[in-house]
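A.B. asks: Chain by chain, the residues run as shown.
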Amino acid sequence: MKMIKELKGYAVEIILVMIVMMLYFAISLIGAYLW
Amino acid sequence: MVSSKKFFGLHVVSYYTGYIISGFSLLMLLPLGVSVLFQEWNTVLDFSIGFSLTLLVGLISIAIGKRVDVHQSKVSWRHGLIVSSLSWITLTILGAIPLYLSGHMASYLDAIFDVMSGYTTTGVFMMMDLDHVAQGLNFWRHLITFVGGQGMVVLALSFLVKDMGGAYKFYVGEGKDIALEPNVKGTTQIIWKISMIYLLIGTTALWIAGIQLGLNPISAFFHGLYIFEAAWSTGGFAPNLQNMMYYHSFGYELIGMVFFIIGSFNFGLHYALIKGNRKEFIKNIETVSFMITSLLGTALAVFALKSTGVYTDAISLFRRVVYNVLSAHTTTGFGNIFARQFALEWGGLGITVMVVVMLIGGSACSTAGGIKGLRIGILFKGIINDIKRMITSEHRVKVEKYHHIKEHTLDDAVYRSSAVIALLYITLFTIGVILTTAYGYPLAEAAFEVASVSGNVGLSIGIISPQLPVVLKIYYIIAMYMGRLEFLSIFALLGVFLQKGVVWVQKLSQRAHF
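Residue numbers (our numbering), protein chains in the order written: chain V, 1 to 35; chain C, 1 to 514.
In isolation and in its complexed conformation, chain C is listed as follows (with noise of 0.2 Å):
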C-alpha cells in the first residue's frame, strides 16, 4: 500500500507551509496596532481573533511536520512548488478571517474575494461601505496587497527559516525567477530593500502632495502610504470608494502613475539601475515590448475615445484615457473614472484595447500580472526568426538572440515556455469570458472583466459587485491566483491530488475485488 506521507512528502510539505502561515501571523499584528492607535476596539478584536487562529494552524502544522526531521529530508521542486499554492490558499481563507468579522462583508466568499484580490495585486473588491471602514482594515488590505506583489512566502522563508537550502523552489513556485544574488535569500533581501527605498520615497511624496490637498497630516500620511502601496504593487486597492477620482488631483494622480509604471518594472531592472547600467533601459526586451505595446495602446485609445467626443483637450485625453490604459497595462488598476463610464463612453475599440493591454500585463518578476512583456517580446522575436527561416535557406538564419539583463539565445524552449504560459492565459480568459456571457452579462463587459481579474488588474466595468453569482466569485478567484502564481505550482498541486485520486481509487477497487 502506497503511504500518502511517501507520496507527497507531506512532513516536507506541512513544516513549510506552517512555518509560512506562523510568519504571516505575525503581519496582523501591524494593523492591530494601528486599530489601537486609532482605538478601535472592534477591529482589534477582529484582528486578534485573526491572528490567533493563524498563529494556531501554523503551529499545528509545523508539528506535523516535526514528527519527521525535515532537514534530512530533500525539498524537491514538487514540494516547492505545493508549499508556495498550497500556503496562498491557506493564507487567502485566514487572511479573510478579519475582514469577515468586521461586518463589511456580504459573505465569507466576498472575504476571500477581497483577500485573494490583495494578495495577487489585483484590486477589485466586494467590501460594502469602504469609505467608513476602520482604519486598521484598511491598513490590512494595503498591507497583503504590498506583501503579495513582493512575494510572502520568500518573505516568510527569508525570515523564518535558517536553511534556505531548498529556497529556489519555493520562490519560482511564487513566480519569481530572477537571480539578483546567488543565493535567494540575498535575492529576496534585494527585492525588498528596493521595494523599502521606494516605499519611503513615494510615501514622503504622496503625504506632501496630500497635505498640498487639504487632508490632515496623518490622514495625508495613511492615504499616502495606502496609494503608494497599491501604486508599487500594481494593485489598486485605495482607502475610498472613489479610487483615484478621491483626491481631484492632476499631480496625486502623477505621483501614483510614476510609481505605478516603476512597480510594473522588473526587479532585475531597478537592481541594473541603481548599479549604474543605465542603457539597459533601453536594451531590455521588456523595456522595448513595454514601449512599443503602451504607446500604440495609448494612441489606439486617444483615438478612440477622441472620435467620440467624450473627452477633447489634451489634459482630459492625458487624465482620462492614457492615465487609464497604463493603468490596465501595468495591471495596476487605479481608476479615475466611474466604472459604468467604460461601458456607457469608451466605446468597442476603446474597450478591446484596454482588454488587449490588460492581457499583455507588466513585467516577468515585477508586482505586475498579465502574460508580461518578457514573453511577449520573446513570442514577437519568434514569430520574426520563424518568417526568416521560411522564406531563406536554413543555413542563413542567424541564431536569434534577446537581451533581458544579459544577453539570452532564443531556443525553442524558451520560445516553448513563452507560448505555453500565453496559450494558458488565453484559455483562462476564454473560459471566463464564456461563464460570464453564460449568466447574461455583455460580451464586452464580460471580456473586460474577466480579462481584469486574470491579468491581476482590478479595475471594473461594474460586474463585479456583491451581487455576483457565485459560479463567477470562484471562477474569478480562481483565475486571480492561476494568473498570479502562473499556473506552474497550481498544476503541481492538482497533480498531487489526482495521483492521490487514481491511488484512492485503485485501493477501493482492490477492496471490491476481495
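The following block holds chain V by itself, in its conformation from the complex (with noise of 0.2 Å):
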C-alpha cells in the first residue's frame, strides 16, 4: 500500500511536469501564429 501511495507520487510529479511542458508549448503557438 505505502509503495503504491509512493509510486503514485511519481507519477504525480511527472504528470505535473507534462503539464508544464503543454504551456511551454503554448509559448510556441503563440510565437508561430501571432507574432
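Hint data in this document are derived by calculation from the structure and do not stem from the laboratory.
Be a bit skeptical, because a hint or two may be false.
Stated by the list, open to error - Cross-link-like lysine-lysine pairs, in silico, BS3-like; alpha carbons within 27 Å at most:
#, chain 1, residue 1, chain 2, residue 2
1, C, K398, C, K283
2, C, K401, V, K2
3, C, K275, C, K193
4, V, K5, C, K66
5, C, K185, V, K2
6, C, K388, C, K398
7, C, K275, C, K388
8, C, K66, C, K193
9, V, K8, C, K275
10, C, K306, C, K283
11, C, K185, V, K5
12, C, K406, V, K5
13, V, K2, C, K406
14, C, K500, C, K401
15, V, K2, C, K388
16, C, K279, V, K2
17, C, K283, C, K406
18, V, K8, C, K279
19, V, K5, C, K193
Make the complex out of the two chains shown on their own, each in a separate frame, by following the hints.
C.D. replies: Below, the structure is given as C-alpha cells:
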C-alpha cells in the first residue's frame, strides 16, 4: 500500500511536468501564429 | 614550531579522503564488467590499470590517516569541506586514467577536463571520435555523471563508514544541505532511492522508445540508460557526437525533456510529492521562480528566433528553441542543433537569453548547477522588501517569508548568503569572459561558453575543442569545479594552503634571522 502511494507520487510528478511542458508548447504556438 | 598535522588534521582528512577514493575505485569495476561483456579487451586493461591505481592511492591515504585514532578526532566543519574538495580533485585526476589510456584524448589535461565535466554534470567534452568509443568507456562517462549528480562523497561515506557522526559536514561540503531525514545517512538513502526508481522508469521508457526507433534491444537499452543518466543528472553527455540530434525523434527528445526537468528539481520537492504533498509544487519558491524565469526565457527566445525567420512553425520552435532554452535553464546541456547554429542563427537576443538562463540554473540540492532558483527567488523577494522599506515607515514593513518545503523567514543572513553566492558566480563568469575574449574569441560566443561551464550546463557554441588554449582549458576546469561545489569547500581548501604558506614563509624568515 505504501509502495503504491509512493509510486503514485512519482506518477504525479511526471504528470505535473508534462502539464508544464504543455505551457511551453503553448508559447511556441503563440510564437508561430500570433507574433 | 607548528606541525602540519596539528595544523589542519592531516590524518582525519587523509583517512576520510582515502575511504572515498577506495570506494570510488570499486565503481570502476562496473565499466570493466561491461567491457568484458562486449569483449573490449583494451578497455578492460585500461580500467584494470585505473582501478588498481585508484585503489592503491585510496589505501595509502587510509594508511596515513590510520596512524592516529581518527575516531577520537572530532570532524570539524573545515575537515568536511576540505575532504569534499580534495576528494573531487583526486578523483578527477584518477578517474581520467581510463579515458587517457583509451587513446581518444589528445592529452591528460583533456581527459581531466572530460572527467570534471562528468562529475560536475556539465557535459562539455574534448573526447575525439566519440561515435567510435568503446561501450565500457561510454558506460564510465555516464556513470560518473550520474554519481556526480547525486553526490559521490556522501555516497562513498554512507556505504563505507559506519560512524557517520561528522557526515553532515562532508555533505554540505559537496553543495547539498537538505535534511529529508534527521540524519545524513537517511537523507542520502532517500536521495539514492528516488534516483534509482527514476532510473528504472526513465531507462525503461527510453529503451522502449529506442526499440521503436529501430535500435536493436541491447543497443536501445544502453542508449536509454546513458540518456537517462545524463538527463536525470542534468549532465548532457550522450554516446554520440551529435548528442540528441542523433535520434531524429521528437518522442525521444520529449522523454528526455521530462526527466531533465524533473532532475533539475530539489530532492526536497521530489520527497514532498512522493509523500503526497502536491501543493508543494505550486507553493515552493524554487518551482515558482523556475516557472517565471523559464516561461519568460522561452517566450523571449521564441520571439527572437521567430523574428529571424529560422524557425517558423510551432513544432520547430518547440523542438529547436524551447528545448534548448530548457536544456540550458535546467543546466542539462542536451542539444538538438549544431553548436555553430547558436552563433550563426540565434542572434544577439537568442544568445543573451541562453546566457542568462544558464547562469540562473536549476534548483538547490538537485543535480543542477548555476546560481539556483532558490537564491534568485530569495534575492527577488529581498529586493522587493528593501524597496518596501524605503517607501513605507519601517515599523509597518512585515517580516517577509518564503516557502521552501516549509515556511522560512527571509532574514538578512539568508539574503546575504544568497547575494554572496550569486556575486561569486557572476565574478567567476566575468573573469572567464575576460580570459576567453583575451584569446580572441568574440564576446557573445565567449559569454555563451563561459556561462555553460560555470553554470555546469554543457551546451557549446563551438569554442571547446582539443585545440582550446591550455589556460582556458584550466580555467574552464576550475569554473566547473567551483560552480558545482558552490565555492565554500574550495575556499576552505585554499584557506588551508594559504595558512600553510604563511607558516612556511614565517619559518623561512625565522631561519634567515638565525
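A.B. asks: Given the hinted pair K406/C and K5/V, is their Cα-Cα distance within 27 Å?
C.D. replies: This hinted pair holds, its Cα atoms lying about 22 Å apart.
A.B. asks: Keeping to a limit of 27 Å between CA atoms, is the pair of K306/C and K283/C held or broken?
C.D. replies: 33 Å, violated
A.B. asks: Would you mind confirming whether the straight-line C-alpha gap from K2/V to K406/C stays at or under 27 Å?
C.D. replies: At roughly 23 Å apart (the allowed maximum being 27 Å), K406/C and K2/V satisfy the hint.
A.B. asks: Given the hinted pair K66/C and K193/C, is their alpha-carbon gap at most 27 Å?
C.D. replies: 32 Å, violated
A.B. asks: Would the hint linking K5/V and K193/C be met if the CA-CA limit is 27 Å?
C.D. replies: Holds: K5/V and K193/C sit about 15 Å apart, inside 27 Å.
A.B. asks: CA of K283/C to CA of K406/C, is that 27 Å or under?
C.D. replies: 10 Å, holds
A.B. asks: Under the criterion that the straight-line Cα-Cα distance not exceed 27 Å, is the pair K185/C, K5/V satisfied?
C.D. replies: 23 Å, holds
A.B. asks: Hinted pair, alpha-carbon criterion (27 Å max): K8/V, K275/C. Please report holds or violated.
C.D. replies: 9 Å, holds
A.B. asks: Are K275/C and K193/C close enough, with their CA atoms no more than 27 Å apart?
C.D. replies: Between K275/C and K193/C the Cα gap is close to 14 Å, so the pair holds against 27 Å.
A.B. asks: Does the alpha-carbon distance linking K401/C and K2/V stay inside the 27 Å limit?
C.D. replies: Outside the cut-off at roughly 33 Å; violated.
A.B. asks: Taking only the CA atoms, is the gap from K8/V to K279/C under or equal to 27 Å?
C.D. replies: 15 Å, holds
A.B. asks: Can the restraint linking K185/C and K2/V be considered satisfied, given a maximum Cα separation of 27 Å?
C.D. replies: Given that 27 Å is the threshold and the Cα spacing comes to 21 Å, the pair holds.
When held up to the earlier numbered hints, the structure conflicts with 2, 4, 7, 8, 10, 14, 15 and fits the remainder.
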